[in-house]
Amino acid sequence: MKTLNALLACLLLSAPLTLAHAENIAITGGAIHTMSAAGIVENGTVLIEDGKISAVGQNIAIPDGFDVIDASGKWVTPGLMNAATRLGLQEVMMEGSASDHSAQKAPFSAAFDVSYGLNPNSTAIAITRMEGVTRALVLPSTFSFGPGGMNGSLFGGLGALVHLGLGADMLLRPRAVMYVELGALGASKAGGARGAAWVSLLNTLSEVQNYQANQASYAKGWRQDAYTKRLDIEALIPVLDGQIPLLVRAERASDIRQVTKLQDLYPSLRIILFGGKEAWMVTDDLARTGIPVILNPLNNLPEFFESLAATSHNAARLADAGILFAITGGSSGMVEVENARLITQTAGNAVAYGLPWRAALEAITVNPAKIFGIDDQYGALEPGMTADVVVWDGDPLEVMTNADAVIINGEKIPLVSRQTKLRDRYKDLKDASKPFMYR
Amino acid sequence: MPSQTLKTTALLAIVALLAALVAIESGMFKGSDTAKSEDDDKTKDQKELVVIDPNPFPSTYKALPSAPVLITNVTLLDGRGGRIDGGALLMEGGKIKAVGAALTAPEGIATIDGTGKWLTPGIIDVHSHLGVYAQPQVRGAHEDGNEMSSPVTANVWAEHSVWPQDPAFATALAGGVTALQILPGSANLIGGRSVVLKNVPARSMQGMKFPDAPYGLKMACGENPKRVYGSKGRAPGTRMGNVAGYRAAWIKAAGYKQKWDEYNKKFEAGEDAKAPTRDLELDTLMGVLNGEILVHMHCYRADEMVVMLDVAKEFGYKITAFHHAVEAYKIADYLAENDTCAAMWADWWGFKMEAYDGIQENIPFVANAGACTIVHSDSPSGIQRLNQEAAKALADGNKAGVNFTKAQAWTWLSFNPAKAIGVEEQTGSLEPGKNADVVLWNGDPFSTYTRAEQVYVDGALVFDLNDEAVQPISDFELGQPGEGDI
Numbered sequence: 094m095k096t097l098n099a100l101l102a103c104l105l106l107s108a109p110l111t112l113a114h115a116e117n118i119a120i121t122g123g124a125i126h127t128m129s130a131a132g133i134v135e136n137g138t139v140l141i142e143d144g145k146i147s148a149v150g151q152n153i154a155i156p157d158g159f160d161v162i163d164a165s166g167k168w169v170t171p172g173l174m175n176a177a178t179r180l181g182l183q184e185v186m187m188e189g190s191a192s193d194h195s196a197q198k199a200p201f202s203a204a205f206d207v208s209y210g211l212n213p214n215s216t217a218i219a220i221t222r223m224e225g226v227t228r229a230l231v232l233p234s235t236f237s238f239g240p241g242g243m244n245g246s247l248f249g250g251l252g253a254l255v256h257l258g259l260g261a262d263m264l265l266r267p268r269a270v271m272y273v274e275l276g277a278l279g280a281s282k283a284g285g286a287r288g289a290a291w292v293s294l295l296n297t298l299s300e301v302q303n304y305q306a307n308q309a310s311y312a313k314g315w316r317q318d319a320y321t322k323r324l325d326i327e328a329l330i331p332v333l334d335g336q337i338p339l340l341v342r343a344e345r346a347s348d349i350r351q352v353t354k355l356q357d358l359y360p361s362l363r364i365i366l367f368g369g370k371e372a373w374m375v376t377d378d379l380a381r382t383g384i385p386v387i388l389n390p391l392n393n394l395p396e397f398f399e400s401l402a403a404t405s406h407n408a409a410r411l412a413d414a415g416i417l418f419a420i421t422g423g424s425s426g427m428v429e430v431e432n433a434r435l436i437t438q439t440a441g442n443a444v445a446y447g448l449p450w451r452a453a454l455e456a457i458t459v460n461p462a463k464i465f466g467i468d469d470q471y472g473a474l475e476p477g478m479t480a481d482v483v484v485w486d487g488d489p490l491e492v493m494t495n496a497d498a499v500i501i502n503g504e505k506i507p508l509v510s511r512q513t514k515l516r517d518r519y520k521d522l523k524d525a526s527k528p529f530m531y532r
Numbered sequence: 009m010p011s012q013t014l015k016t017t018a019l020l021a022i023v024a025l026l027a028a029l030v031a032i033e034s035g036m037f038k039g040s041d042t043a044k045s046e047d048d049d050k051t052k053d054q055k056e057l058v059v060i061d062p063n064p065f066p067s068t069y070k071a072l073p074s075a076p077v078l079i080t081n082v083t084l085l086d087g088r089g090g091r092i093d094g095g096a097l098l099m100e101g102g103k104i105k106a107v108g109a110a111l112t113a114p115e116g117i118a119t120i121d122g123t124g125k126w127l128t129p130g131i132i133d134v135h136s137h138l139g140v141y142a143q144p145q146v147r148g149a150h151e152d153g154n155e156m157s158s159p160v161t162a163n164v165w166a167e168h169s170v171w172p173q174d175p176a177f178a179t180a181l182a183g184g185v186t187a188l189q190i191l192p193g194s195a196n197l198i199g200g201r202s203v204v205l206k207n208v209p210a211r212s213m214q215g216m217k218f219p220d221a222p223y224g225l226k227m228a229c230g231e232n233p234k235r236v237y238g239s240k241g242r243a244p245g246t247r248m249g250n251v252a253g254y255r256a257a258w259i260k261a262a263g264y265k266q267k268w269d270e271y272n273k274k275f276e277a278g279e280d281a282k283a284p285t286r287d288l289e290l291d292t293l294m295g296v297l298n299g300e301i302l303v304h305m306h307c308y309r310a311d312e313m314v315v316m317l318d319v320a321k322e323f324g325y326k327i328t329a330f331h332h333a334v335e336a337y338k339i340a341d342y343l344a345e346n347d348t349c350a351a352m353w354a355d356w357w358g359f360k361m362e363a364y365d366g367i368q369e370n371i372p373f374v375a376n377a378g379a380c381t382i383v384h385s386d387s388p389s390g391i392q393r394l395n396q397e398a399a400k401a402l403a404d405g406n407k408a409g410v411n412f413t414k415a416q417a418w419t420w421l422s423f424n425p426a427k428a429i430g431v432e433e434q435t436g437s438l439e440p441g442k443n444a445d446v447v448l449w450n451g452d453p454f455s456t457y458t459r460a461e462q463v464y465v466d467g468a469l470v471f472d473l474n475d476e477a478v479q480p481i482s483d484f485e486l487g488q489p490g491e492g493d494i
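Chains as they are written, first to last, in the working numbering: chain V, 94 to 532; chain S, 9 to 494.
None of these hints come from the bench; they were simulated from the model. Idealized CB from N, CA, C, for every residue including glycine. It cannot be assumed that every hint is accurate.
Per the computed footprint, the stretches of chain V lying under chain S, defined by three or more beta-carbons under 8 Å from a beta-carbon of chain S, are [claimed, not checked]:
| id | region |
| --- | --- |
| 1 | 126-140 |
| 2 | 277-289 |
| 3 | 361-369 |
| 4 | 385-399 |
| 5 | 518-525 |
Each computed SDA-like pair below joins lysine to any residue, with the alpha-carbon atoms no more than 25 Å apart [said to hold, decoys possible]:
| id | chain 1 | residue 1 | chain 2 | residue 2 |
| --- | --- | --- | --- | --- |
| 6 | S | K407 | V | D521 |
| 7 | S | K265 | S | A310 |
| 8 | S | K265 | S | A344 |
| 9 | V | K527 | S | K326 |
| 10 | V | K514 | S | L297 |
| 11 | S | K360 | S | P440 |
| 12 | S | K407 | V | T216 |
| 13 | S | K360 | V | D517 |
| 14 | S | K103 | S | Q54 |
| 15 | S | K240 | V | A191 |
| 16 | S | K321 | S | K274 |
| 17 | S | K414 | V | D486 |
| 18 | V | K527 | S | A415 |
| 19 | S | K360 | V | S190 |
| 20 | V | K505 | S | K321 |
| 21 | S | K414 | V | K505 |
| 22 | V | K198 | S | T458 |
| 23 | S | K103 | V | D524 |
| 24 | S | K407 | V | N495 |
| 25 | V | K198 | S | K103 |
| 26 | S | K407 | V | D486 |
| 27 | V | K514 | S | A310 |
| 28 | S | K414 | V | D517 |
| 29 | V | K505 | V | S190 |
| 30 | V | K523 | S | R235 |
| 31 | V | K520 | S | A415 |
| 32 | V | K520 | S | N411 |
| 33 | S | K360 | V | G166 |
| 34 | S | K407 | V | A191 |
| 35 | V | K167 | S | T458 |
| 36 | V | K167 | S | K407 |
| 37 | S | K407 | V | S190 |
| 38 | S | K360 | V | T513 |
| 39 | S | K321 | V | L522 |
| 40 | S | K414 | V | N495 |
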């Protein structure tokens with residue numbers, strides 16, 4: 094029997110990027126932060142051809158017909174990646190009709206797949222990419238600000254990897270992660286306590302195993318004692334197989350320790366810890382299991398009883414312990430849309446609290462690429478990589494730095510957004526020549 | 009503590025008293041009996057004047073002990089738009105004694121070499137809910153900021169909800185915040201009184217209360233009140249319902265004020281007048297109409313702000329500041345004309361419909377129109393980095409061709425907010441005679457990497473990045489895994 098997931102896979106096979114407007118571009122004269130073994134190439138050149146980086150280094154001859162971007166005195170980095178967003182799924186947070194990140198009334202949960210709802214025309218995308226963020230993980234959520242509130246499942250569903258470049262298809266990889274919430278959130282969904290959340294999760298995983306072992310009998314009729322819905326079980330098969338990473342939201346040290354035990358129990362799971370406000374307290378367990386972390390360094394308040402040990406030093410302490418982590422955020426929230434562009438500021442603040450500068454830039458480039466397994470195509474400026482390149486007028490982690498040029502998939506991004514249009518319309522209030530709506 | 013204002017107030021009181029005595033002596037009051045023998049006849053004819061106590065929860069704040077300090081070789085931003093490279097500042101007795109390029113320390117005074125460091129006035133946040141929405145977020149227990157039982161709750165005072173043990177006061181202090189206005193939330197059309205606090209550890213709200221700061225009144229436009237009450241099936245459920253609600257409240261307040269004015273007039277005339285029955289809600293609204301309480305109004309949309317300015321004119325009060333003012337850039341000229349401040353985020357937008365048109369140049373565009381410009385937080389996280397918010401706004405303005413200096417941008421963080429909460433005589437700038445509310449930054453505070461190294465309130469060191477003994481830890485955090493970890 095062909096599973097629904099297999100059908101969906103056909104529908105969602107992300108078409109290879111068609112680069113109608115890919116240009117041949119040479120970025121010259123800048124300090125190139127390659128994020129590779131090449132380190133920083135001063136006064137270097139990046140050549141971009143057919144959407145890919147073709148050369149990086151000093152004394153590179155610029156072939157004829159290349160569009161030259163003079164980056165003298167500027168900084169050149171890979172495009173940045175925000176590893177936790179709702180970009181493309183949400184136009185106005187508190188407006189349900191403009192949101193596609195939660196499906197709390199759906200009769201399934203793990204099977205919810207955000208990739209069908211992606212809208213590359215969402216205004217936040219242009220606002221985000223023109224400041225140097227070129228890739229993102231797009232996550233489902235288990236709550237909505239509209240009627241409906243939280244869904245009743247630990248599982249939020251399937252997230253997607255996207256690029257923020259031009260074109261009608263922003264999808265890079267559907268079903269890039271399975272999102273599950275543990276900790277206090279999971280506890281409240283499972284009936285009111287962590288003990289229930291973990292029993293529920295472990296039961297679901299064992300049902301997935303049973304299903305795999307006894308597909309024929311399941312096909313005859315759904316087992317009466319099955320707790321998990323068939324759609325959700327099928328969505329979880331590739332998770333249990335390690336094809337789709339399991340993104341686990343947990344904050345408290347003891348919860349994170351349980352997550353590492355889950356990894357021990359199911360070695361095939363590719364667990365990524367999301368949140369991890371107290372992760373610095375359990376670095377031994379994280380190191381032992383190799384679980385990477387996605388965190389927001391601005392989360393330093395004892396915001397909930399499960400994050401009393403939250404600290405601005407979290408990222409620096411994880412780095413000291415050799416834990417692989419990506420930095421997300423924008424404001425203090427975990428999953429950003431409007432200000433997903435501000436990962437430069439959040440990463441910079443981790444530096445203010447002891448994280449080495451280079452590690453901070455890695456946490457918004459190569460590290461998320463490694464965590465999601467796309468480091469062969471994105472995250473560093475090396476020949477063969479997809480050409481996501483940003484030219485900055487200074488240190489990208491400084492709040493006063495601007496992105497002067499942004500290239501995604503080899504295409505130069507116009508530095509225009511709904512915000513810049515509003516800005517230009519109202520820039521001169523003294524000009525009484527015509528009403529603002531004609532400007 | 010005895011600031012210029014206090015001195016002035018005291019002086020005015022003495023003058024008033026003398027004038028009254030002169031008036032009594034000269035028989036100026038009608039009813040010569042009163043003038044001749046007020047002890048006997050006045051008590052017989054006239055009961056004692058009923059006065060509404062303007063300060064029933066007085067500040068008990070006392071500056072922490074301080075020694076004179078000279079800080080030298082700093083880049084000094086004075087909070088009024090001035091900058092001194094290689095500057096110095098002398099604090100003594102809790103006050104700023106001198107500010108200049110080269111100051112020599114009087115004998116025996118501690119000197120801090122601030123080479124490579126920056127010195128600014130303490131940051132003042134005009135929009136905070138610290139203490140009323142305390143950490144940790146505990147449903148119910150720590151939700152003390154919105155009295156969502158009626159759309160007009162001018163009778164409530166935020167100070168009665170402030171929990172001084174909120175751990176977020178300390179993290180805000182580590183971000184260089186020396187004073188802040190705590191507001192009720194924005195669920196209500198009229199949410200209640202605000203309170204101005206000094207960001208110092210204390211056992212009670214009164215121990216933090218900024219002496220002689222006027223009260224504010226929180227009002228709110230737009231989506232929040234109409235959503236909160238509309239969803240309960242009661243007014244207001246629309247923006248027009250909102251406006252009807254404000255106007256009804258002000259009509260009542262005007263009537264109440266009239267009664268009190270008549271009473272005071274009759275009393276002055278020596279008549280045996282009966283004081284009106286007090287009403288806590290109308291006391292506060294009357295305070296606004298009398299110009300004693302400053303209006304702070306949560307408002308996002310440009311068109312709504314213009315309506316609110318008209319409501320204020322209709323009833324004869326002033327809106328001191330619009331808060332959030334995400335569309336202030338569209339009407340910055342109106343704000344300047346009306347002498348109304350805009351307190352803004354650098355770049356929050358899009359989280360609700362009325363925030364959809366937010367732009368990153370809002371702050372510099374408002375400043376460019378000559379309107380009073382303030383950077384605010386409305387967030388226990390954001391309050392820790394208001395300097396970075398000003399930096400982003402400054403950079404975005406400069407990029408759009410609206411050029412301000414770092415020194416000018418600091419007025420958005422200290423002097424303008426001080427003015428909006430009525431404490432600009434005491435604090436908000438580095439000027440001799442003012443309270444020594446000062447932050448020494450370990451670098452340029454417009455950099456992401458810079459942190460507040462030392463924070464002084466009234467000349468006393470209240471936070472030191474390099475000395476854990478001078479980092480306050482709230483009772484709540486004691487014995488917890490995060491104790492003392494910023």
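A quick look at each hint next to the structure:
{"no.": "1", "hint": "126-140", "result": "violated (count 0)"}
{"no.": "2", "hint": "277-289", "result": "violated (count 0)"}
{"no.": "3", "hint": "361-369", "result": "violated (count 0)"}
{"no.": "4", "hint": "385-399", "result": "holds (count 8)"}
{"no.": "5", "hint": "518-525", "result": "holds (count 4)"}
{"no.": "6", "hint": "S:K407 - V:D521", "result": "holds, 15 Å"}
{"no.": "7", "hint": "S:K265 - S:A310", "result": "violated, 31 Å"}
{"no.": "8", "hint": "S:K265 - S:A344", "result": "violated, 29 Å"}
{"no.": "9", "hint": "V:K527 - S:K326", "result": "violated, 31 Å"}
{"no.": "10", "hint": "V:K514 - S:L297", "result": "violated, 40 Å"}
{"no.": "11", "hint": "S:K360 - S:P440", "result": "violated, 44 Å"}
{"no.": "12", "hint": "S:K407 - V:T216", "result": "holds, 21 Å"}
{"no.": "13", "hint": "S:K360 - V:D517", "result": "holds, 23 Å"}
{"no.": "14", "hint": "S:K103 - S:Q54", "result": "violated, 46 Å"}
{"no.": "15", "hint": "S:K240 - V:A191", "result": "holds, 24 Å"}
{"no.": "16", "hint": "S:K321 - S:K274", "result": "violated, 28 Å"}
{"no.": "17", "hint": "S:K414 - V:D486", "result": "holds, 18 Å"}
{"no.": "18", "hint": "V:K527 - S:A415", "result": "violated, 35 Å"}
{"no.": "19", "hint": "S:K360 - V:S190", "result": "holds, 12 Å"}
{"no.": "20", "hint": "V:K505 - S:K321", "result": "violated, 51 Å"}
{"no.": "21", "hint": "S:K414 - V:K505", "result": "violated, 32 Å"}
{"no.": "22", "hint": "V:K198 - S:T458", "result": "violated, 46 Å"}
{"no.": "23", "hint": "S:K103 - V:D524", "result": "violated, 46 Å"}
{"no.": "24", "hint": "S:K407 - V:N495", "result": "holds, 8 Å"}
{"no.": "25", "hint": "V:K198 - S:K103", "result": "violated, 61 Å"}
{"no.": "26", "hint": "S:K407 - V:D486", "result": "holds, 11 Å"}
{"no.": "27", "hint": "V:K514 - S:A310", "result": "holds, 17 Å"}
{"no.": "28", "hint": "S:K414 - V:D517", "result": "holds, 23 Å"}
{"no.": "29", "hint": "V:K505 - V:S190", "result": "violated, 32 Å"}
{"no.": "30", "hint": "V:K523 - S:R235", "result": "violated, 36 Å"}
{"no.": "31", "hint": "V:K520 - S:A415", "result": "holds, 23 Å"}
{"no.": "32", "hint": "V:K520 - S:N411", "result": "holds, 13 Å"}
{"no.": "33", "hint": "S:K360 - V:G166", "result": "violated, 40 Å"}
{"no.": "34", "hint": "S:K407 - V:A191", "result": "violated, 31 Å"}
{"no.": "35", "hint": "V:K167 - S:T458", "result": "holds, 22 Å"}
{"no.": "36", "hint": "V:K167 - S:K407", "result": "holds, 16 Å"}
{"no.": "37", "hint": "S:K407 - V:S190", "result": "violated, 35 Å"}
{"no.": "38", "hint": "S:K360 - V:T513", "result": "holds, 19 Å"}
{"no.": "39", "hint": "S:K321 - V:L522", "result": "holds, 23 Å"}
{"no.": "40", "hint": "S:K414 - V:N495", "result": "holds, 17 Å"}
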